[in-house]
Every structure is written in structure tokens, then in C-alpha cells.
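K.L.:
If you want the building blocks of each chain, they are given just below.
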Amino acid sequence: MTAIADTVAAPEAMPPRRRRLRLLRRYPIPAAGAALLLALIACSVGAPWVAPHDPIEMNVVDRLMPPGGDYLFGTDAYGRDILSRTLYGGRVSLLIGLAVALASTVLGLFIGVIAGYFRLADAIIMRVMDGLMAIPGILLAIALMSLTRASIWVVIVAITVPEVPRVVRLVRSVVLSVREQTYIQAASAIGTRFPRLMRKHILPNTMAPLIVQATYICASAVLVESYLSFLGVGTPPEIPSWGNIIAEGRLYVQIAFWNILFPGIFLALMVLSINVLGDGLRDMLDPRLARRL
Amino acid sequence: MWGYVIRRILATIPVMGVVAVLVFLMLRLSPGDPAAIVAGDFATAEDIAQIRARLGLDRPMLEQFVLWIGQLARGDLGYSIFLNRPVLGLILERVEPTLALSLTTMVFAIVLAIPMGVLAAWRAGSWVDQLVMALSVLAFSVPVFLIGYGLVIGFALTFDLLPVQGFVSLADDPVAFARHLVLPTVTLGLVYTALLARITRGTMLEILNEDFIRTARAKGLAEPRVLILHALKNASVPIVTTIGVGLALLIGGVVVTESVFAIPGIGRLTIEAVLQRDYPVIQGVILVVAGVYVLVNLLIDLSYCLLDPRIRY
Chain A
0 MTAIADTVAA PEAMPPRRRR LRLLRRYPIP AAGAALLLAL IACSVGAPWV
50 APHDPIEMNV VDRLMPPGGD YLFGTDAYGR DILSRTLYGG RVSLLIGLAV
100 ALASTVLGLF IGVIAGYFRL ADAIIMRVMD GLMAIPGILL AIALMSLTRA
150 SIWVVIVAIT VPEVPRVVRL VRSVVLSVRE QTYIQAASAI GTRFPRLMRK
200 HILPNTMAPL IVQATYICAS AVLVESYLSF LGVGTPPEIP SWGNIIAEGR
250 LYVQIAFWNI LFPGIFLALM VLSINVLGDG LRDMLDPRLA RRL
Chain B
0 MWGYVIRRIL ATIPVMGVVA VLVFLMLRLS PGDPAAIVAG DFATAEDIAQ
50 IRARLGLDRP MLEQFVLWIG QLARGDLGYS IFLNRPVLGL ILERVEPTLA
100 LSLTTMVFAI VLAIPMGVLA AWRAGSWVDQ LVMALSVLAF SVPVFLIGYG
150 LVIGFALTFD LLPVQGFVSL ADDPVAFARH LVLPTVTLGL VYTALLARIT
200 RGTMLEILNE DFIRTARAKG LAEPRVLILH ALKNASVPIV TTIGVGLALL
250 IGGVVVTESV FAIPGIGRLT IEAVLQRDYP VIQGVILVVA GVYVLVNLLI
300 DLSYCLLDPR IRY
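Residue numbers (numbering that gives the first Met the number 0), protein chains in the order written: chain A, 0 to 292; chain B, 0 to 312.
In case anyone wonders, no lab produced these hints; they're calculated from the structure.
Among the clues, some could well be false.
[Stated by the list, open to error] What follows is a list of derived Cβ distance ranges for each label pair:
id, chain 1, residue 1, chain 2, residue 2, range
1, B, Arg-216, A, Arg-21, 29 to 39 angstroms
2, B, Ser-125, A, Ile-264, 28 to 38 angstroms
3, B, Met-0, A, Phe-117, 28 to 38 angstroms
4, A, Arg-126, B, Tyr-3, 18 to 28 angstroms
5, A, Ala-76, B, Val-127, 37 to 47 angstroms
6, A, Leu-196, B, Gly-219, 55 to 65 angstroms
7, B, Leu-61, A, Arg-126, 18 to 28 angstroms
8, B, Val-110, A, Gly-231, 26 to 36 angstroms
9, B, Gly-165, A, Arg-198, 57 to 67 angstroms
Since the structure is predicted, the reported quantities are computational estimates derived from the model, not experimental observations.
Even glycine gets a Cβ: it sits at the ideal position worked out from N, Cα and C.
So that you can see chain A by itself, here it is in the shape it has in the complex:
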């Protein structure tokens, strides 16, 4: 009896620092991803202090300078410092990634719960979602961008809309499977009202898959923003986002490849670190959860 009590109590008794170390040892790759992501976030958030130059200051004498010397990553066609622009560009990507992940999960959760719980709404909601999912995401985002003057907020809306149906499907499937469980039937049999049933029993079950899904959405939103800006239909060109820097730099690929290389590498690293973190969270939170796209 005491032996069992001891083993049960052990994780509680373990000092938090050792527990954190064990987590690192068990999931070394996600931990590395998280560390890399933190570094990138620190660079972007701290851009005003870290960046050696003004990201929009033009210096025509120093145009298309190769990396090195005063300009670690070189300069673009207007003599602007690529390193500083890349650091500032991270802020745009970070903002859009987080905003899209948050907006699409909240919206998707709301719509998904309604679809999963109310039969009548389900039929209509899911038909609309099927229709939305039949339009490839980037194409839909591009079309939405054409509706009004571009701004960061419009980009966020345009990337969020195609992501919502995926979240709705996920939440709905969880709600549908949970509502058949005996404990839910028991809870409603003793008169638990809908809001409490949601809060106490159904929502907690959606959290683990939703957090994992939100990370993947964040990674995909960062990529899609760069694609939209690269195509010239995304973030307004005067804002240095990674896609914009690359879109301008592509004209000089032959003579100044660093214009696309450095922002491209930062972009790839950010998406990679978020994806790796997502895989790690998935393994930690629910090993059975299949990878969804």
C-alpha cells in the first residue's frame, strides 16, 4: 500500500526543475524547436533594439552590397539593410501567424460545437464548410485579398477563412464522439444545462487536438502570408514582411541572391520550428492523435 502511494506521489514530489529536464530529455527535438522559435520571437520582438539599421532607410550609395562589413546580410536595390528588414519582417509573420491561429481556432470551435451539438444546424453548417473546403486555400485567400485595399488585417482575414472549415470538422468530430459517452448522458440526465455541459465536459475534450491544430495553422499561416506577399497580393509593399522582401529581391536573383536567401532562411526556420513544436505537442498530448492536414 505504501509502495503504491509512493510511486503515485513521486511525480508530485519531483522538483519542477528536474521535471522540466526530464521533459527535455524525452522530447529533445520539440524542445530544440521551441528554443529556436523562442530565439526567433526574441529577434523579431526585439527588432528595434537588435537591428543595426533602420529597415526602411534608403542608402542608394550602398545598393546591392554583398553580405559582410557594415551589412551582415547585404543590402537591397535601395541600399536598405537586409538584416534589419529581415528582423522586422519577423514581426509581421509572427503577428499574422498568431492572429490567424487564434481567430481560426476560436471561430472554428464556436461553429464546430454548434454543428456537433445541434442536428439541424449541422446539416447546413457542414454543407457550407464542404463548399469552402472545395476551394484550395491559397486561391480563396488570393480572391479575398482582391475585395478591399490590402492591410495586415485583411491578410489575417483572408488566411483565416480557408482554415476555419478544418477546425470546424475537427471540433465537430470530437463533440460528436463525446456526446455519445455515458458520462455526458448521465450529466444531462441529472439536469446539467447546456452551457455547463459544454464548459465542464465537452470543451476540455477538444483542447488537446485543438492546441495541436492551432500550431499547424500558425505555421501554415506564416507560409501563406509569405506566398501572398510574394505574389504581390498580400501585406502592403511598404511594410517589410519576409514575402515582400523576397518579392522585391527576386528581380535581382542573379546578381544579389542574398536578397531572397536570408529572409527565406528565417521564414523556413520559423515554419520549421513551429511544425516541430506541433509534432512534439501532438506526441505529448495524445499519442493516438493522427496527423491532420
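Position chain B against the provided structure of chain A, taking the given hints into account.
P.N.:
Okay, now just chain B, sitting in the frame of chain A:
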């Protein structure tokens, strides 16, 4: 089986109906006056009025919708505002490069991904498996244009092996056609390969743990036969589903790849239309692409009847 086939075909009608409604409403529900959006920033009041009349925006919404659906039913996607030509014709002109690139990419990805996935699952946990998984996570994260420009710098600019950009029609010069497609195919194919390799590995891993695989090995079948005839055949349904669903990912990549390699396809047409606010063209492209996507996934669902005789609906 025929009941299933018919039900599955009928199920595409509401989906396409919803797509049509969404495409119709998109412009009408956007903030601001749709005619002013189409006319652009420098339009006069007369321009806007003229466009409003031409698009039928001055009539009641329901009437507009019925008229529009009627046109669609006759295969009429409307006229481009900017070029003043039928949208369907514009799309058909641009179909060849996009179709060619999509098909070569699919073949490239399938040929590469399935052996990779099978091998990774067969030797799960080995260095082969870890390499395949690492490559697929990487391919998911590196942006298409970085791969594209990397290949251009390596194979076209540094060593003059392949053309930098552009497209040549198959009818004009088959050799140039193939040479122009190599770099775009590899660029676009990597993401799709990663997706398929992951699914193949995951499904194969599950199936290789089944009893019938142990039986097949126990009765002394050669390993390739076990892997391909017993395991891969049973894994085919999820893999083929992913090929269809992944088409959405592929189409997104096509738009970016066409831009990197200056290929005059549907993706470029869309971007040009968006920059010019040529709304009928944008609507037409979305309808056609969604239609193709729904159709391909319908065919894939129907192919299950052939792939897996156990499936009876």
C-alpha cells in the same frame, strides 16, 4: 455498388452549389460598393455606373443570382472586364502549362514518395526512416520559392543545364517542353512528396503490425511480395485519398511556382486578375478549380470500389 456510385455523384451537387453561392456572394458582401471595387481607384462616377450595369449589379440580388446560375449552366462564365473576352476562353488558353505542371508533379511525387514511405515503415526507427521523416518535415517548412530559386541558381544560372524560366507548348517542341518542366516539377513536387511519404509510412506501419502480415511472412513469402502485394495494396485507400485531398495543397503551390518560373498558367491568370480587379475572371477560375478538385476527389472515391472489394456501400 451502383447505388453508392449514384449517391456519391449526387453528393457533389450541393458542394458545387455552395461554391457557386460563395463565389457569387463574395463580391456582393464585400465592404464597399462592388462596382467601385471592380472599377478601381481612379474610376469616375460614370465608369462605376457603367460597370454596375454591365455586371447586372443594379438588379435585385436574387435576380442576379438566377441569371448568373443560368449562364453557368450553359457554360458561360461571363466576360473579362479588362480584356473584354469570354472568361472560359481565357482559362482554356492557360490550361496547358498548369495541367502539364500538375501532372508531372503528381507523377514525380508518387514515384518518389511511395517507395520512400514503404521503406521508412519497413525499417521503422532506422536511419532510413529518420532521414525520410526529417526530409518530409523540412519539405513542409521550406517555402516553395526558396526551393525554386535555389534550383534556378544551381542548375540554370551556375551550370547552364536547364532553362531558367518560361514554358514551351508540347505541340511546339516536346524536348523544350520537358526541359522547361524539370525545375518547376521538382520545386513543386517536394511538398507533395513529403505529404505522401508521411501518409504512406503511417499507413504501412499500421498494416505491417497486422496478423495477416505475420502469416504471410511465416509461410515464407519473399519480403518484397509481402510488402507490395500484402501491405501496400491494403494501404492504398488512405494513400489514394491523400493524393486527392493533397491536390488542394498542390494547386496552392502551382500558383507560387508559376510565378517563380514565369509560367503562363492559371495561377498567373489569377494573380493578374486580382491585381486588375477583374472579378469575372477570379470567379471563373475559382469555379473551374473547385470543380476540378471536386471531380478528382469524386473519381478517387469511386476508385475505392476497384481498389478494395471489401468496400460495399
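K.L.:
Assuming the hint says 37 to 47 angstroms, is it satisfied by the Cβ distance from A:Ala-76 to B:Val-127 or not?
P.N.:
For A:Ala-76 and B:Val-127 the Cβ distance comes to about 45 angstroms; the hint holds.
K.L.:
Given the hint of 28 to 38 angstroms, check if B:Ser-125 and A:Ile-264 actually sit that far apart at their C-beta atoms.
P.N.:
Because 30 angstroms falls inside the window, the suggested range holds.
K.L.:
Just tell me: holds or violated, for the beta carbon distance of A:Leu-196 and B:Gly-219 against 55 to 65 angstroms?
P.N.:
holds (57 angstroms)
K.L.:
With respect to the beta-carbon atoms only, verify the hint that A:Arg-126 and B:Tyr-3 lie 18 to 28 angstroms apart.
P.N.:
holds (20 angstroms)
K.L.:
Lying within 29 to 39 angstroms: is that true of the beta-carbon distance B:Arg-216 to A:Arg-21?
P.N.:
Once the Cβ atoms are compared, 38 angstroms apart, the range 29 to 39 angstroms for A:Arg-21 and B:Arg-216 holds.
K.L.:
Can you let me know if the beta-carbon spacing of B:Val-110 and A:Gly-231 is within 26 to 36 angstroms?
P.N.:
holds (34 angstroms)
K.L.:
So the hint says 18 to 28 angstroms: do the beta-carbon atoms of B:Leu-61 and A:Arg-126 match that?
P.N.:
holds (20 angstroms)
K.L.:
Go ahead and decide if the range 28 to 38 angstroms is satisfied by the Cβ distance of B:Met-0 to A:Phe-117.
P.N.:
holds (34 angstroms)
K.L.:
With 57 to 67 angstroms as the target window, see if B:Gly-165 and A:Arg-198 comply at their CB atoms.
P.N.:
holds (59 angstroms)
Checked against the numbered hints above, the structure breaks none of them.
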